[in-house]
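Visitor: Below are the chains, spelled out letter by letter.
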Amino acid sequence: MSPEMKTEPSSGRILLAHGSGGELSHELIASLFVQAFDNAVLHPLDDSAVISAAGARWAFTTDSYVVTPIFFPGGDIGRLAVCGTVNDLSMSGAQPLYLSSGFIIEEGFPLSDLKRIVTSMQEAASEAEVKIATGDTKVVNRGGADGIFINTAGIGLIPPGIVISGSNARPGDQVILSGPIGDHGIAVLSAREGLQFTTALESDCAPLNGLVAKMTAASPEIRCLRDPTRGGLASTLNELARQSGVGIWVEESRIPVKEEVRGACELLGFEPWNLANEGKLVAIVSAEAAEAILHAMRTHPLGHDAVRIGEVRKEPPGKVLLRTTIGSTRILDMMVGEPLPRIC
Amino acid sequence: MCVAIPARIKSLDGLMAEVEVGGISRKVSVQLTPEVRKGEYVLIHAGFAIHVIDEQEAEETMKLFEEIGGLEEYSSVPGVDQSGEKI
Amino acid sequence: MKFIDEYRNAEKARPIIEEIQRLADEPIRLMEVCGTHTVSIARYGLRKILPRTIELISGPGCPVCVTSNGDLDKAIALAGIPGAAIATFGDMVRVPGSESTLASERAKGGDVRVVYSPLDGLKLAADAPQTKVIFLGVGFETTAPTIAATALEAKTRGLKNFFIFSVHKTVPRALKALMDLGEVKLNGFLLPGHVSAIIGSQPYEFLARDYGLACAISGFEPLDILQSVLLLVRQIKTRGPRVEIQYRRGVNPEGNPRALQVMAQVFTPSDAEWRGLGMIPGTGLALRPELAGLDASRVFTLNPPAPKEPRGCRCGDVLRGVLRPQECSLFARVCNPQNPAGPCMVSFEGSCAAAYKYGS
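Protein sequences, first through last, are from chains A, B and C. Take the first sequence: its letter number 70 is residue 73 in the working numbering, and every next letter is one higher. Take the second sequence: its letter number 12 is residue 59 in the working numbering, and every next letter is one higher. Take the third sequence: its letter number 335 is residue 1091 in the working numbering, and every next letter is one higher.
Among the hints, a few may not be true.
Label-pair restraints from in silico Cβ distances [to be verified]:
| no. | chain 1 | residue 1 | chain 2 | residue 2 | range |
| --- | --- | --- | --- | --- | --- |
| 1 | C | Ala882 | B | Glu107 | 39 to 47 Å |
| 2 | C | Leu908 | A | Val121 | 44 to 52 Å |
| 3 | C | Gln958 | A | Pro319 | 45 to 53 Å |
| 4 | C | Lys864 | B | Glu102 | 19 to 27 Å |
| 5 | C | Val940 | A | Asn42 | 32 to 40 Å |
| 6 | C | Pro783 | A | Asn42 | 53 to 61 Å |
| 7 | B | Glu102 | A | Phe74 | 38 to 46 Å |
| 8 | A | Ile165 | C | Arg785 | 29 to 37 Å |
| 9 | B | Glu107 | A | Thr122 | 43 to 51 Å |
| 10 | B | Glu114 | C | Ala882 | 46 to 54 Å |
| 11 | C | Pro1045 | A | Arg16 | 27 to 35 Å |
Just so you know, these hints were derived from the structure itself, not from any lab. Glycine is no exception: its CB is placed at the ideal position from the N, C-alpha and C atoms.
One chain only, chain A, in its complex shape (with noise of 0.2 Å):
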């Protein structure tokens, strides 16, 4: 029997907030996409599909790219559209391997900005040690595709004896995040009409394989990997604690957010949790392989802002529980619709 979805848009369409990685795209994917295609290898819902074949345990993965603007501080819809398939892979502790690259263009895009973009996906994929090894292209109408739309597929080898996946975390477990957050949704917004502020702010868009790496070779105990893209941090936590069943409690002061992403979200009235990353992880790793693997991971140059923010416990299963900078604390929720920047 099909649950009844929660949310029935008001207008019976399909609204910008459910592509946004918060509740409403996590409804509209539990009660749509996976009741139709209904599977075992889809419903772990990790980042990417883990595959058992020929003797080995593939990570497959794929996500569509629709940036808007396509240049931004930092990078570029093609920049984007590598790294994060890459990333996806590395978070089921895969080396990425393959990629496909979809393109569905506007009729009138301009071929110079084509070159760009396609100029910048063959350097990320160079970072990555990837290759993009097959692909496609369409053209559309002029209002189409918003200029250009990529979808990047991807496919990797997980080494023996790692098994990482959403819905391993236990009580005790500690929360590791790799860096600073809010970066790449800040710098997105900055390049954006309407919002009109400056910032030196750049995306900090970036292949996370080798970081992972760094990790696995220092400990076998990571529990879980994620990279909070859409939803952010908050929608990344809450994702894990439902899947593991378990509480993540973390302490507001441990979080790091650079000086103009604070700044930025005083003025946009935003939390930085609430903001897309697209070059750092969090990863629930055992207490006693904690140390070690921060310590690897600052040994990379993008896990060098390594921080442990806080640590799993048995209760209140599947919320996330933070301890505000004023001593209190409180249920730090999923983002509901987009963050839309408010006056009040």
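Fit chains B and C to the supplied structure of chain A, relying on the hints for placement.
Guide: Positioned in the frame of chain A, the structure of chains B and C alone reads:
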């Protein structure tokens, strides 16, 4: 509905100013606080500076967090003096 | 960040909380009337660190929440005008009217743009002379001067395609109306710091003088709110009711005369329909007749649907402070931020949204 953020005036250009909050810059109108000077802090709301922050008062407030016993107060009820006695 | 971080310090909070605990030996009921206070209190879990004798009640402080369904429906209908673009603060986008929301209208192809400032709306109009840019003017006295200044600029620049739909409201008389209902028993008010930056402290004096209510004009950081609660408890226990300014760095007793002057040039008091409180004379801000060309309510003929209150929705009771969000039978069962029955659940500063989001 009053989110207004303290920001520092980086530069002034007629009735517009560039302000900064933690390294983020934005242009706001100062037509509601035309007397403001560069380097001062303002409360910004919906693209306007609405009040020039009194740094002296801010320091006083911070001090008062320490001296719980000696809290001064601003009384604006007419006919009532500082001690609460009717005049 | 200066003037922000130092007011979020746990160590400084402790002596204040201890002193409140020492003094508050009987039930004390305080109402806050500013959505930003509602959010700050919930976001920092302040109810949990204050003694149980202190009850913090939310009042009609969220300007989006107190906008009537009729007004919301008109605003949403504006999105259907051919050639029109709605420029709005983010807060309004998901609020349900009788039949639709701005978000739904956008999904259907309406031009709805979120802006940070009315000046952004003005810029939209200047950049697209063929588009009728209609700015939704929502907010209390903190926001109204910014729309007023923008209206004057539109007039000076002779822009013919910029309009304002004003549902702005003013606070002090609404507080009188609330107290005159005689429903909610209060000992004092946490008064809105930024509204007061504009209007000063004098407009609230009647609350202390005629109603015997303790009043503290409060800043929004957790330490500000805690200090305000302490000031209020002190007034209630020993010193007697008065209007005190806790938020000294943000409020002059006379307010902002320039902002008040600009408001007077653009707005004239009108009768306003408040969700939960009904019609309160003189609490609305309508564009003055000489600015009729900018007034969306005069320029455009609207056919909004007949206003329909959502069944079972008790936003009105929540806004009057007589019902806590958790006490509403729809709360978290049928009404949640993804599926809100009324504005209190979906508006960023709605009491129900804050209660739902920050948990118990």
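Visitor: Indicate, hint by hint, whether the structure satisfies it.
Guide: Right, here's what the structure says about each hint:
1. Ala882(C) to Glu107(B): 39 to 47 Å: Roughly 44 Å apart at Cβ, these two residues keep to the hinted range, so it holds.
2. Leu908(C) to Val121(A): 44 to 52 Å: Holds - the Cβ-Cβ distance for Leu908(C) and Val121(A), about 50 Å, lies within 44 to 52 Å.
3. Gln958(C) to Pro319(A): 45 to 53 Å: holds (48 Å)
4. Lys864(C) to Glu102(B): 19 to 27 Å: violated (50 Å)
5. Val940(C) to Asn42(A): 32 to 40 Å: violated (56 Å)
6. Pro783(C) to Asn42(A): 53 to 61 Å: holds (58 Å)
7. Glu102(B) to Phe74(A): 38 to 46 Å: The hinted range 38 to 46 Å holds for Glu102(B) and Phe74(A), with Cβ atoms some 41 Å apart.
8. Ile165(A) to Arg785(C): 29 to 37 Å: violated (57 Å)
9. Glu107(B) to Thr122(A): 43 to 51 Å: Roughly 58 Å apart at Cβ, these two residues miss the hinted range, so it is violated.
10. Glu114(B) to Ala882(C): 46 to 54 Å: holds (52 Å)
11. Pro1045(C) to Arg16(A): 27 to 35 Å: violated (41 Å)
Taken one by one, the earlier hints fail for this structure at numbers 4, 5, 8, 9, 11, listed in ascending order.
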